[in-house]
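**Q** Residue strings, one per chain:
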Amino acid sequence: MQGFFLGLSSGLTCVAYCTPVLVPYMLGEGKGIAHNFAALAQFLLGRLAGYLAFAFVAWLINLSVLERLESKGLLIGALYIIFSSFLMIYAFFKTDAPCAARSIGHIAGKIKASLLIPAMAGLLSGIAFCPPFLLAMTHAADKGSLSYSLFFFLMFFIGTSVFFIPMPFIGALRRFQALQIIGKMAAGIVGLYYLYAGIIAVVAGVKGI
Amino acid sequence: MKTDTHQVPQGEGKGRTIVLTLVMAVITVVMFSQGKMPQDPKEMIALVLTLLFANTLFFLLLYTGRTDRYRAIYFSTFAVSLIISFVSHMFEARGSMSLSETKILQCEVPFCHLVIPMTLVPMAITKTIIFPGSLLGKYASIASMFVIWIGATLALGRGFCSWVCFYGGLDDGFSRVLKRPVIRNINPKWIYLPFAVLLLVALTAAVYLSPVYCSWLCPFKAVTEFQAVTSTKILIQTIIFVGLFIGLVIVLPILTKKRTQCAFLCPFGAMQSLTNKINVFDVRIDKEKCVKCKRCIQVCPTLSMSEESLEQGCARITCMKCGKCIDNCPKGAISYHIKGTDIPGKRNAYRLLFLFAAFLFLAIFSSHIIQDGIVRVLKLITTGSMIS
Ligand code: SF4
Ligand code: SF4
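Sequence order for the protein chains is F and Z. Under numbering that gives the first Met the number 0, the letters of the first sequence match residues 0 to 208, in that order. Under numbering that gives the first Met the number 0, the letters of the second sequence match residues 0 to 387, in that order.
Because the hints were derived from the structure by calculation, they are not lab data. Check before you lean on any hint, since a few could be wrong.
What the hints assert, rightly or not - Quick list of in silico lysine-lysine cross-link-like pairs, DSSO-like style, CA-CA up to 27 Å: (1) Z:330 with Z:288; (2) Z:293 with Z:178; (3) Z:345 with Z:188; (4) F:206 with Z:232; (5) Z:232 with F:71; (6) F:142 with Z:345; (7) Z:338 with Z:288; (8) F:71 with F:206; (9) Z:276 with Z:288.
Said to hold, decoys possible - Listing some non-contacts, in silico: residues in chain Z with all C-beta distances to chain F over 12 Å: (10) 22; (11) 26; (12) 35; (13) 37; (14) 52; (15) 58; (16) 147; (17) 186; (18) 193; (19) 203; (20) 244; (21) 326.
What the hints assert, rightly or not - Partial pick of chain F residues on the chain Z-facing surface, computed with a CB cut under 8 Å: (22) 177; (23) 180; (24) 181; (25) 184; (26) 185; (27) 188; (28) 189.
Even for Gly, the Cβ is constructed at its ideal location relative to N, Cα and C.
Chain F with its partners taken away, still in its complex shape (with noise of 0.2 Å):
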């Protein structure tokens, strides 16, 4: 359930920091709801293949470097613990945050089939270094398995997801301004818990040596 879970967390990060970029792009402006399906979906898509292939990327970092370190425990621990900060630091006190989707709009000015544009939105998503993604690509790599990685980020696509299914709807949310702060907050919160997570696996981690 921790996938589901992150990837519930971080999918309000991507409604408090990525859809507002996204929007404009992905739903062609008085297109319709069938076109906007259309271009969710293929966004989705290319959410999910960036995903896996991060999947398996995870779990060969942990195969070729973790698993061979002596100090497993505290550099993950570590690494919890900087990426958790800077998913506080984001949630509670900047406006901004890095999202790979901001790109988007200067690749959507050069390319001309606009209908790949939703679908590289989503894999460029799908392999964003933003906090969330890199806890969840700590916490995959930690747990070693292939089968784990991918079942880890297919629930973090599943709860991630969640979040985009209202977008084409996305004109009738008044109150989106909201959405966005408390989405933030929600995630910094998370942010919180990997901090704990973070400073056990050090303490751990240090007693060992």
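Knowing the structure of chain F, use the given hints to seat chain Z with the ligands on it.
**A** Chain Z with the ligands only, in chain F's frame:
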């Protein structure tokens, strides 16, 4: 005839106030005593004092037209009494404030309304209540808290947080210690934090089937009951409870004159805000009378008044119906209101209806706790100990 600059507060006439207070007195005598006079002298004194206290405050609420001042006295007394009564009970039943693993397994943890947002989703999915409390027991049972919550929510919406919640009187009380706030500029974005906490605790409770907020974030654990410290994890949890209590319930309310726990953390409060949508009472601003002096924005303890509110003529969804803005508006532009009726309409009648509902909840819900609090204090004075 009152002048234009002193329109507020406008109380009821003396005769009307006396008649209405007599009605309240009859109801409270019946409800507080539950039809039987106590034999123990201490209990008798406690009953009489509680009745006098409640009815004097009700008289003053009506006669002076001031809502928040007298509500706050009652509300804070309720919260302090709860701590005295609850802690004494814990010591009598278990010999300490800490919960043992056995008590948790035996489902003997007193239920509190703050758990409700976490129980709803798991209840719908698994048909069980994810809290180690007793369903129908004598003390703070799950069923009794649900009944009170549903009734008070239908009648008051988020007014629950200023009239019924047995913790709210703590930060409310501390927010009145200083005359002027030391910290003035609070970013209004923090009013969204309780909604984020609500979202997460509801999700995590559904995923882990346990009340995560109670285990990790509830500041009131510090003054009610908490798990015995037997591991590093429980030690960290205890530090969080105490830290949040000192920060959000004592220090920040004093420095900001805001109810910081209720306005910026409590997930139950966020859920109650949503119920404001379906409640008939709200707080409205008569735009014709308002001179935009922004006094209401300054005094609101929950940041529920903003310039946007003044434009739109209504408080934010987070309004707790405490009445502070109404008491402080120099133009009498703010009033309790019944949805769907004219503004200002019959403002005194609306206020009276709201006050009757809210005051009855406060009086009845608090009566046994305040009485028990008084009995404990009398015991302390006469025997040197609060517990039997
Ligand atoms: S205190 Fe009264 S007059 Fe002043 S801004 Fe608020 S509603 Fe208007
Ligand atoms: S808007 Fe008025 S009634 Fe509502 S919480 Fe603020 S001060 Fe109290």
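**Q** Run every hint past the structure and note whether it holds.
**A** Against the structure, the hints come out as follows:
1. Restraint check for residue 330 (chain Z) and residue 288 (chain Z): satisfied, since their Cα atoms lie roughly 6 Å apart, inside the 27 Å limit.
2. Under the criterion of a C-alpha separation no larger than 27 Å, the hint pairing residue 293 (chain Z) with residue 178 (chain Z) is consistent with the structure, at around 18 Å.
3. Annotation: proposed proximity of residue 345 (chain Z) to residue 188 (chain Z) is violated, straight-line Cα distance about 35 Å (limit 27 Å).
4. Our distance criterion of 27 Å between C-alpha atoms is met by residue 206 (chain F) and residue 232 (chain Z), whose separation comes to about 16 Å.
5. For the suggested pair residue 232 (chain Z) and residue 71 (chain F), the alpha carbons sit about 22 Å apart, so the restraint of at most 27 Å is met.
6. A hinted pair counts as satisfied when its Cα atoms are at most 27 Å apart, and residue 142 (chain F) with residue 345 (chain Z) does not qualify at roughly 66 Å.
7. This hinted pair checks out: residue 338 (chain Z) and residue 288 (chain Z) have alpha carbons roughly 19 Å apart, not beyond 27 Å.
8. In summary, the hint linking residue 71 (chain F) to residue 206 (chain F) is supported, as the alpha carbons are separated by about 13 Å, within the 27 Å threshold.
9. At roughly 25 Å between alpha-carbon atoms, residue 276 (chain Z) and residue 288 (chain Z) fall within 27 Å of each other, so this suggested pair holds.
10. With a closest Cβ-Cβ approach of about 42 Å to chain F, residue 22 (chain Z) is found to remain outside the 12 Å limit, as its non-interface label requires.
11. Under the 12 Å C-beta cut-off, the non-interface status given to residue 26 (chain Z) relative to chain F holds; the minimum distance is some 41 Å.
12. Its beta-carbon lying about 49 Å from the closest one in chain F, residue 35 (chain Z) satisfies the requirement of being farther than 12 Å from that chain.
13. The Cβ of residue 37 (chain Z) sits about 47 Å from the closest Cβ of chain F, beyond the 12 Å cut-off, so the non-interface label holds.
14. Every beta carbon of chain F lies more than 12 Å from that of residue 52 (chain Z), the smallest distance being close to 40 Å; the non-interface claim holds.
15. No beta-carbon of chain F comes within 12 Å of the beta-carbon of residue 58 (chain Z); the shortest separation is about 41 Å.
16. With a closest Cβ-Cβ approach of about 28 Å to chain F, residue 147 (chain Z) is found to remain outside the 12 Å limit, as its non-interface label requires.
17. The non-interface label for residue 186 (chain Z) is inconsistent with chain F: the shortest C-beta to C-beta separation is roughly 10 Å, within 12 Å.
18. A cut-off of 12 Å between C-beta atoms contradicts the statement that residue 193 (chain Z) is not in contact with chain F; the least separation is 9 Å.
19. A cut-off of 12 Å between C-beta atoms contradicts the statement that residue 203 (chain Z) is not in contact with chain F; the least separation is 7 Å.
20. Every C-beta of chain F lies more than 12 Å from that of residue 244 (chain Z), the closest at about 17 Å, which supports listing it as non-interface.
21. At roughly 29 Å from the closest C-beta of chain F, the C-beta of residue 326 (chain Z) stays outside 12 Å, upholding its exclusion from the interface.
22. Checking residue 177 (chain F) against chain Z: minimum C-beta separation of about 6 Å stays under 8 Å; hint holds.
23. For residue 180 (chain F), the suggested interface contact is upheld, since its CB lies about 5 Å from the closest CB of chain Z, less than 8 Å.
24. Among the interface hints, the one on residue 181 (chain F) holds; its C-beta lies about 5 Å from the nearest C-beta in chain Z, closer than the 8 Å criterion.
25. About 4 Å separates the beta-carbon of residue 184 (chain F) from the nearest beta-carbon of chain Z, less than 8 Å, and the hint is met.
26. With a least beta-carbon distance of about 4 Å to chain Z, the hint placing residue 185 (chain F) at the interface is held under the 8 Å criterion.
27. A least Cβ separation of about 5 Å between residue 188 (chain F) and chain Z falls short of the 8 Å threshold, and the interface hint therefore holds.
28. A least Cβ separation of about 7 Å between residue 189 (chain F) and chain Z falls short of the 8 Å threshold, and the interface hint therefore holds.
Of the numbered hints given earlier, the model fails hints 3, 6, 17, 18, 19; all others are met.
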